[in-house]
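These protein sequence lines map, in sequence, to chains S and Y.
Per the numbering used here: the first sequence = residues 1 to 380.
Per the numbering used here: the second sequence = residues 1 to 380.
Keep in mind the hints are simulated off the structure, nothing from the lab.
Misleading hints may appear alongside valid ones.
Because identical chains cannot be distinguished in the list, a pair is counted as satisfied if it fits within a single copy or across any two copies.
Pairs of lysine-lysine, DSS-like flavour, derived with a Cα cap of 27 Å [as the list claims (entries may be wrong)]: (1) Lys366 to Lys121; (2) Lys121 to Lys8; (3) Lys140 to Lys102; (4) Lys102 to Lys8; (5) Lys366 to Lys140; (6) Lys102 to Lys57; (7) Lys57 to Lys8; (8) Lys102 to Lys187; (9) Lys121 to Lys187; (10) Lys140 to Lys187; (11) Lys366 to Lys8; (12) Lys121 to Lys140; (13) Lys366 to Lys57; (14) Lys57 to Lys121; (15) Lys366 to Lys102; (16) Lys102 to Lys121; (17) Lys187 to Lys8; (18) Lys140 to Lys8; (19) Lys57 to Lys140; (20) Lys187 to Lys57; (21) Lys187 to Lys366.
There are 2 protein chains.
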Amino acid sequence: MSESRFSKLQTPCLLVDEARMMRNIDRLAQRADTLGVTLRPHLKTTKSVDAARYVLKDGTGPATVSTLAEAEVFADAGINDILYGVGISPDKLDRVIALHRKGCRVTVLLDCAAQAEAVAKASHQADLAIPAMIEIDSDKHRSGLTADDPELVAVGRILQDGGAELRGVLCHAGGSYGSVGRAEHEKCAEQERLAVVNAATVLREAGLPCPVVSVGSTPTAHAATDLTGVTEMRAGVYVFFDLVMAGIGVCEVDDIALSVLTTVIGHQTSRGWTICDAGWMAMSRDRGTAAQEVDQGYGIVCDAAGAVIPGLIVIQANQEHGVIARRPGFDGDVPEFPVGTRLRILPNHACATAAQHQHYHVIPAKADAPLTQWARFAGW
Amino acid sequence: MSESRFSKLQTPCLLVDEARMMRNIDRLAQRADTLGVTLRPHLKTTKSVDAARYVLKDGTGPATVSTLAEAEVFADAGINDILYGVGISPDKLDRVIALHRKGCRVTVLLDCAAQAEAVAKASHQADLAIPAMIEIDSDKHRSGLTADDPELVAVGRILQDGGAELRGVLCHAGGSYGSVGRAEHEKCAEQERLAVVNAATVLREAGLPCPVVSVGSTPTAHAATDLTGVTEMRAGVYVFFDLVMAGIGVCEVDDIALSVLTTVIGHQTSRGWTICDAGWMAMSRDRGTAAQEVDQGYGIVCDAAGAVIPGLIVIQANQEHGVIARRPGFDGDVPEFPVGTRLRILPNHACATAAQHQHYHVIPAKADAPLTQWARFAGW
Numbered sequence: 001m002s003e004s005r006f007s008k009l010q011t012p013c014l015l016v017d018e019a020r021m022m023r024n025i026d027r028l029a030q031r032a033d034t035l036g037v038t039l040r041p042h043l044k045t046t047k048s049v050d051a052a053r054y055v056l057k058d059g060t061g062p063a064t065v066s067t068l069a070e071a072e073v074f075a076d077a078g079i080n081d082i083l084y085g086v087g088i089s090p091d092k093l094d095r096v097i098a099l100h101r102k103g104c105r106v107t108v109l110l111d112c113a114a115q116a117e118a119v120a121k122a123s124h125q126a127d128l129a130i131p132a133m134i135e136i137d138s139d140k141h142r143s144g145l146t147a148d149d150p151e152l153v154a155v156g157r158i159l160q161d162g163g164a165e166l167r168g169v170l171c172h173a174g175g176s177y178g179s180v181g182r183a184e185h186e187k188c189a190e191q192e193r194l195a196v197v198n199a200a201t202v203l204r205e206a207g208l209p210c211p212v213v214s215v216g217s218t219p220t221a222h223a224a225t226d227l228t229g230v231t232e233m234r235a236g237v238y239v240f241f242d243l244v245m246a247g248i249g250v251c252e253v254d255d256i257a258l259s260v261l262t263t264v265i266g267h268q269t270s271r272g273w274t275i276c277d278a279g280w281m282a283m284s285r286d287r288g289t290a291a292q293e294v295d296q297g298y299g300i301v302c303d304a305a306g307a308v309i310p311g312l313i314v315i316q317a318n319q320e321h322g323v324i325a326r327r328p329g330f331d332g333d334v335p336e337f338p339v340g341t342r343l344r345i346l347p348n349h350a351c352a353t354a355a356q357h358q359h360y361h362v363i364p365a366k367a368d369a370p371l372t373q374w375a376r377f378a379g380w
Numbered sequence: 001m002s003e004s005r006f007s008k009l010q011t012p013c014l015l016v017d018e019a020r021m022m023r024n025i026d027r028l029a030q031r032a033d034t035l036g037v038t039l040r041p042h043l044k045t046t047k048s049v050d051a052a053r054y055v056l057k058d059g060t061g062p063a064t065v066s067t068l069a070e071a072e073v074f075a076d077a078g079i080n081d082i083l084y085g086v087g088i089s090p091d092k093l094d095r096v097i098a099l100h101r102k103g104c105r106v107t108v109l110l111d112c113a114a115q116a117e118a119v120a121k122a123s124h125q126a127d128l129a130i131p132a133m134i135e136i137d138s139d140k141h142r143s144g145l146t147a148d149d150p151e152l153v154a155v156g157r158i159l160q161d162g163g164a165e166l167r168g169v170l171c172h173a174g175g176s177y178g179s180v181g182r183a184e185h186e187k188c189a190e191q192e193r194l195a196v197v198n199a200a201t202v203l204r205e206a207g208l209p210c211p212v213v214s215v216g217s218t219p220t221a222h223a224a225t226d227l228t229g230v231t232e233m234r235a236g237v238y239v240f241f242d243l244v245m246a247g248i249g250v251c252e253v254d255d256i257a258l259s260v261l262t263t264v265i266g267h268q269t270s271r272g273w274t275i276c277d278a279g280w281m282a283m284s285r286d287r288g289t290a291a292q293e294v295d296q297g298y299g300i301v302c303d304a305a306g307a308v309i310p311g312l313i314v315i316q317a318n319q320e321h322g323v324i325a326r327r328p329g330f331d332g333d334v335p336e337f338p339v340g341t342r343l344r345i346l347p348n349h350a351c352a353t354a355a356q357h358q359h360y361h362v363i364p365a366k367a368d369a370p371l372t373q374w375a376r377f378a379g380w
């Protein structure tokens with residue numbers, strides 16, 4: 001594509017490659033179909049009503065969010081089946097109830113008796129059975145109970161007997177981000193599946209309902225081969241992908257649909273540096289590839305058309321300055337970029353980079369169509 | 001103070017301790033007076049018109065900004081003397097000229113002939129002598145020329161002969177962030193001073209004007225003892241301070257005026273974890289203390305009243321989850337926090353943490369006064 005379409009854009013800014021995004025979305029949708037599970041996309045990566053329309057088949061859900069602000073914005077946009085996928089605190093239940101009153105079915109997540117008691121109490125007071133999922137831990141990564149913890153049934157019973165709605169169990173194999181390659185991710189996926197399926201069995205054997213059995217992380221969603229006993233799958237960053245996902249083999253660099261457009265603002269020739277206006281404010285401080293086999297700095301450098309320029313990364317970042325230089329160990333030729341040159345940077349972590357911006361500039365899949373703009377929102 | 005004032009706040013959110021902030025502002029204002037230089041505060045940390053009123057004596061300037069979006073917002077708020085402290089790219093000059101037309105004197109920064117030619121050309125076309133400063137490098141940290149580089153006079157002459165306004169020279173001793181203790185910062189300050197004073201001498205000896213000689217970084221601004229030859233000083237993060245600044249000895253932890261209010265959402269008792277709703281989305285991914293003598297994780301934990309709780313830090317962060325646990329090596333007692341407990345987290349880097357939020361909730365210096373709210377803005 002011609003870079004003249006970018007000439008009116010102020011840098012730094014976010015670009016979305018619509019064709020790549022649609023390819024990524026189709027890939028996971030097809031996997032979910034093949035595996036026989038419902039896909040409940042996580043909207044925390046894009047935080048955009050426009051982007052949500054691409055991932056939600058009929059536009060109303062099901063969806064996952066990471067903040068109640070997301071739930072409120074998406075509810076206003078007509079999405080009516082939302083899982084708030086972060087442990088609920090009692091003070092947030094008023095907003096959950098308000099969303100139900102507006103016609104959006106919000107399911108909360110919890111993993112302890114104190115939370116279950118608060119949800120039961122709020123359900124009783126509001127005369128509304130608040131739907132709740134119990135979080136299950138498969139890899140000691142973050143939150144959740146295990147199937148053999150007596151608290152699992154206790155929590156389920158508090159919900160069920162207290163007037164809330166026990167919807168089921170949920171697991172997020174966050175540890176899969178630290179594993180490399182499909183074989184490892186398949187193991188994480190099976191571990192994730194077993195954790196929730198076992199928990200569901202424990203609940204059912206205790207006479208409790210467990211209609212929903214939910215798994216998901218982008219690596220496990222792309223590697224699972226058997227989801228027997230699972231009813232739904234969640235994933236978020238797959239819509240854009242990023243260098244962290246490429247580094248663990250979930251995607252190729254050519255699948256990354258998000259980049260930051262930047263302008264060259266100077267040089268330090270003796271140090272081999274090109275300085276651009278994509279600092280950490282534009283890229284985020286995420287250094288998720290630092291612990292990977294190939295450290296991508298603050299991102300891989302591409303020309304304005306999106307072609308990777310071999311050997312160049314953003315090796316350091318200040319608030320509004322990115323320093324482009326040779327990747328350590330690269331001894332090939334690298335081009336020179338005069339002041340004013342436009343480049344694109346592929347990010348380590350799409351969720352974090354996108355969060356630094358208020359808009360997406362979308363390069364349409366249709367050749368030579370004009371750029372479009374999507375708003376994104378922030379906050380809690 | 002009572003934490004009941006926070007009961008209506010949705011977490012995570014930013015808190016500003018007005019009394020600490022005013023103390024920090026007064027401290028640097030007094031230093032500038034003592035050293036006989038003008039203080040040109042950097043508004044990139046706070047990005048808030050409300051906050052800017054505290055640091056600008058008469059409300060109109062002088063100020064430093066890191067984006068043209070800042071310049072535009074602050075110009076609309078009546079600030080009329082602004083240095084845009086990031087190397088100018090030619091495509092941004094239209095916005096600079098538009099600001100001049102609106103009555104805001106924006107000075108640009110540059111360090112090469114191509115930029116100077118673009119500024120001279122734009123000045124000629126707009127019939128407006130765009131003020132420009134030449135950036136000087138004192139520590140190989142980022143951008144800038146050195147006094148012995150023949151390009152310095154060449155750049156000055158392009159500006160002066162081409163119809164722009166050569167305002168002077170500017171240095172930012174960014175390397176001082178990596179030095180610990182007042183003695184080291186004083187050395188960095190003297191190096192910064194010498195770099196710009198020598199550059200000013202070179203320009204003047206070549207017959208060029210150099211009325212402004214500008215230095216500044218928060219560490220050097222707080223350590224300089226002699227600013228002979230310097231006319232102005234810049235600093236930004238000093239308004240709030242943060243753990244990075246405390247770690248290198250520029251402030252005490254008790255000076256930090258910015259914190260994130262968070263709510264406990266769960267536990268992993270066997271791992272000693274308390275999980276809260278301040279993840280990296282609320283704290284930023286900044287790990288600026290990771291390379292310091294004391295790694296503060298994603299921040300130090302305080303009670304809701306702001307008192308530091310010994311031994312606890314946020315040891316890891318996901319998008320909306322912060323994991324609070326013992327600091328490695330700490331073997332004292334730590335309190336337990338039930339679900340729903342409110343805590344405060346002191347950030348590694350105030351600029352990065354504040355950038356994740358859209359509002360500040362301000363705890364007034366006046367005892368028992370109600371909280372106030374300041375908006376902050378983002379973008380470029």
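The hints, checked one at a time:
1. Lys366 to Lys121: neither (52 Å within a copy, 38 Å between copies)
2. Lys121 to Lys8: between (55 Å within a copy, 20 Å between copies)
3. Lys140 to Lys102: Neither: 37 Å inside a chain and 57 Å across chains, both beyond 27 Å.
4. Lys102 to Lys8: Intra 40 Å, inter 22 Å, cutoff 27 Å: inter-copy only.
5. Lys366 to Lys140: neither (44 Å within a copy, 45 Å between copies)
6. Lys102 to Lys57: within (22 Å within a copy, 48 Å between copies)
7. Lys57 to Lys8: neither (33 Å within a copy, 37 Å between copies)
8. Lys102 to Lys187: neither (41 Å within a copy, 62 Å between copies)
9. Lys121 to Lys187: Neither: 39 Å inside a chain and 62 Å across chains, both beyond 27 Å.
10. Lys140 to Lys187: This pair counts as within: shortest intra-copy Cα distance 15 Å, inter-copy 47 Å.
11. Lys366 to Lys8: Classified as within; 20 Å inside a copy, 48 Å across copies.
12. Lys121 to Lys140: neither (30 Å within a copy, 61 Å between copies)
13. Lys366 to Lys57: within (21 Å within a copy, 54 Å between copies)
14. Lys57 to Lys121: Cα proximity of Lys57 and Lys121: none, with 35 Å in one copy and 53 Å across.
15. Lys366 to Lys102: For Lys366 and Lys102, the Cα distance exceeds 27 Å both inside one copy (37 Å) and across copies (40 Å).
16. Lys102 to Lys121: within (20 Å within a copy, 58 Å between copies)
17. Lys187 to Lys8: neither (47 Å within a copy, 44 Å between copies)
18. Lys140 to Lys8: neither (48 Å within a copy, 33 Å between copies)
19. Lys57 to Lys140: For Lys57 and Lys140, neither the intra-copy (33 Å) nor the inter-copy (53 Å) Cα distance is at most 27 Å.
20. Lys187 to Lys57: neither (29 Å within a copy, 62 Å between copies)
21. Lys187 to Lys366: So Lys187 and Lys366 fail the 27 Å test inside a copy (39 Å) and across (58 Å) alike.
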